[in-house]
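Student: Join these two chains into a complex; the hints should help.
Heads up: the protein sequence lines correspond to chains Y and G, in order.
Going by our numbering, 58 is the number at position 58 of the first sequence; the sequence numbering is gapless.
Going by our numbering, 44 is the number at position 44 of the second sequence; the sequence numbering is gapless.
Please keep in mind that the hints were generated in silico from the structure rather than gathered at the bench.
Bear in mind that the values here come from a model prediction, so they are computed numbers and not experimental data.
Quick reminder that beta carbons are idealized off the backbone N, C-alpha and C, glycines included.
None of the hints are false.
Output of the computed footprint for chain G on chain Y, the stretches with three or more beta carbons under 8 Å from beta carbons of chain G:
id : stretch
1  : 29 to 35
2  : 313 to 319
Keeping only pairs whose Cα atoms sit at most 25 Å apart, straight-line, the calculated SDA-like set for lysine to any residue is:
id : chain 1 : residue 1 : chain 2 : residue 2
3  : Y       : Lys-18    : G       : Glu-89
4  : Y       : Lys-345   : G       : Ala-87
5  : G       : Lys-3     : Y       : Gly-33
6  : Y       : Lys-266   : Y       : Leu-234
7  : Y       : Lys-344   : G       : Glu-79
8  : Y       : Lys-128   : Y       : Ala-268
9  : G       : Lys-126   : Y       : Pro-21
10 : Y       : Lys-363   : Y       : Gly-81
11 : Y       : Lys-320   : G       : Pro-88
12 : Y       : Lys-344   : G       : Asp-48
13 : Y       : Lys-353   : Y       : Leu-300
14 : Y       : Lys-257   : Y       : Gly-60
15 : Y       : Lys-344   : G       : Ser-106
16 : Y       : Lys-345   : G       : Tyr-41
Spelled out, the chains give:
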Amino acid sequence: MDIQLTCLHEEHIALGAKMSPFAGFDMPIQYSGITEEHLAVREKVGMFDVSHMGEVFITGPDAEKYVNHIFTNNVIGMVPGKILYGMMCYPDGGVVDDLLVYKYADKFLLVINAANIDKDHQWMLDNKDGFDVNIDNQSASWGQIALQGPLAADFIKHIGLSDADLQSSLDLGFYEFCDFGDYIVSRTGYTGEDGFEIYTTPEKTVALWRSFLSAGVAPCGLGCRDTLRFEAGLPLYGDELSAEISPVMAGLSMFCKLDKEEFIGKDALAVQKANGTAKKLVGIEIHDRAIPRAGYAVELEDGTEVGTVTTGYHSISLDKSICFALVNSEHSKLGTALSIRIRKKVFPGEVVKKRFYQTNYKK
Amino acid sequence: MSKVIEGLRYSESHEWVKVDGEFAFIGVSDFAQAEMGDITYVDVPSVDDEFAKGEEFGALESVKASSDLYMPVGGVVVEVNDAVVDAPELVNQDAYENWLIKIQMSDPAEAEGLMDAAAYNEFTAK
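The shape of chain G in the complex, shown without the other chains (with noise of 0.2 Å):
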């Protein structure tokens, strides 16, 4: 069973977000690298491109697939973090600590819109 953390909110394309004020972090969830395997490559887009809720922002790559990572919500990229870019596996490793971007959001209300804990356990149990 896939680990779900208390807290963050939760798309269907199984990105998390960590609201912190008007900033958010987004990863990809457990349940996601679980499913991907060995990741080998992360593709996240450089500070200051701005991107809305739904759209393409990067990609995760394992040996055999590429799974393409959707803003789970709206907004302009604050920070990257180098250290997954360096190191993909560290997403295997523990994909909550190992935050893909920071991004500062537009309307932080479209967080609220997304699963919790509980209601992301649930769609991934189907």
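If we strip away everything but chain Y, and leave its shape as in the complex, we get (with noise of 0.2 Å):
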């Protein structure tokens, strides 16, 4: 397949981004610099070019009943304008994606991960017999930027919007939404900080990321949205969650309703929240600057390999070697003293909590 590009590649490339492709697109890693920019995000303000994540609009009579049918989340009574975290899973409870809900009126706003959009495409077709729904996959005409920081709402002016669709952007809580037609801002991230989601068309996607860079917003780069993410405990579709990684595993139960009526995975799911699963993700603390990245395995002390590393860095925020891993359940609690193999030395360390950093979203 060739390497798509987004609307902002041009200016990635003008700004001398290190370049690398992800998930079948040429995307911008960094800029300045990871640790650089992973403290703009969190002191103050950064924002990543996410135009290549997917869009997929659920329109129809049975929209809701559909979506519910799909989706672990319950979309049953949501008010219009908020936004729900949860997963699309296979019928043995592995994950096909994880994705965000937009509630509209009239319709769902599904927003999927770029790796996944011709998977995730094709597993809503293969699911809807028997529902009255239009699936649109509006993936390749929507842009859209993240703006994420402490400082992330002084910059949403920068939009260009009308004085009363500022304010509603303003007063956004976390997990809402507002579409103005051109726009689509949302209360929602990746990093751990309060920010916005901000979806448009390609051409206005280019305007506005050249605006919040002229008003003193630095351009982030992949890899510290990794960095951020991961120090937030967000999973990431691929190295916390996948076919072979359920939200049981994950410890994301809390966003699969087992009390629903049915969706596509509950059975497993339910079976696996009764009875526990092998393997659980769990966070490990080492006691060195050494730093556990993924496929490291993980040790006990008389050198017995129980897990493997998923994601792992030296955290720039807390100034720790931590990482998530999927280890054997019978080691997973906390305070189990576990040990990161990294390269031909052994590191000690503990399971620890998996949100690393105090999160600060809008209350």
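Tutor: So, in structure tokens, the structure goes:
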């Protein structure tokens, strides 16, 4: 498959970003440096090109029933303007994708991972039998910028909305959105900080990127997007969620409403929840600056291998070497002594809470 | 354009060697530190560890990636630069001032086979 470019590709090149393929797109990994960009988001404000993300609209008389059928969270009775996080699962409880569902009065917007757009779209089509719905994959028609950081709200005015629409945007609570026609503005993100995600046409996305840039917003690449989401305890599809890693294993059961009438994967997830799973996702902190990276072995003190690291860093905000790891469930309790094998050495550590960093979302 | 110092020898895996009699200081090039970005961890061997030319002797880690270090010449480690272990960012600040290990070479002729500054400059320009 040819590599795809987002509408902001030329902007990244002009800024001298280090580019790399991600999810089929040529994406900026960093501009000034991962640490500097990470800190800009934690302390001030940064922006990310997330135009590669997918947008699928579900309309039709059965839209609500259908979304509830393919989605683990419960959309029945959702108020328009609200957003829910959850997963689409296979019948065995494995994850097709994790996504956001935006509730409109008469339709739903599903925001899905770039790497999974084609797979997800096909999954939606394959599971629409018996539902009177229209599934409209508009992924290629939308650009998206994530504006993130404690000062994000001060910069929303640069979108150029009317005074009333600007006020509505500022009044948004966490996981709420407004659709202004030209722009969808939602109070969401993937960094653990307050912030907004702004969806608009590719042309307007370029103009918006430039006005944020000239207002002093730091351009941030996928490098720090990963360090930020990781510290905030947020999973990345492919690393912490996958066809093999269910939401129950990942500790995300709260997003699976097992009291719902039905949804794909419900029975398997209910069994997992009741009986436990062989493996569980945990946080591990090691007492050294060495970095536990994806694929490294997790061991007991006697050298028995009991798991694998899924994501790990020397955390920029916490100055600790921490990771997510999938481990045998009997060794997943908080405080359990677990070591990570890094190259030829073994570094002792222990199981800690997965939310490493105290998030700062708008209340 | 990254900095290259005259008088040092360079490997294709971007380590440099400064020969001092039977001893040699080993570090990574300015090109290597620039490619890696912010270096956050330096994994170096212990004094008395012995390595052959081309053998992996440690690693540098940036936020995003780990990069293995290979011996440009064989020898026994006689000193480790603790300053760099304690403050890995020193390598970003000056990759030539901040050596990683000092070794006693097993065969000083091995250094002759490495690139000189001009050759390394050309090598990194490719």
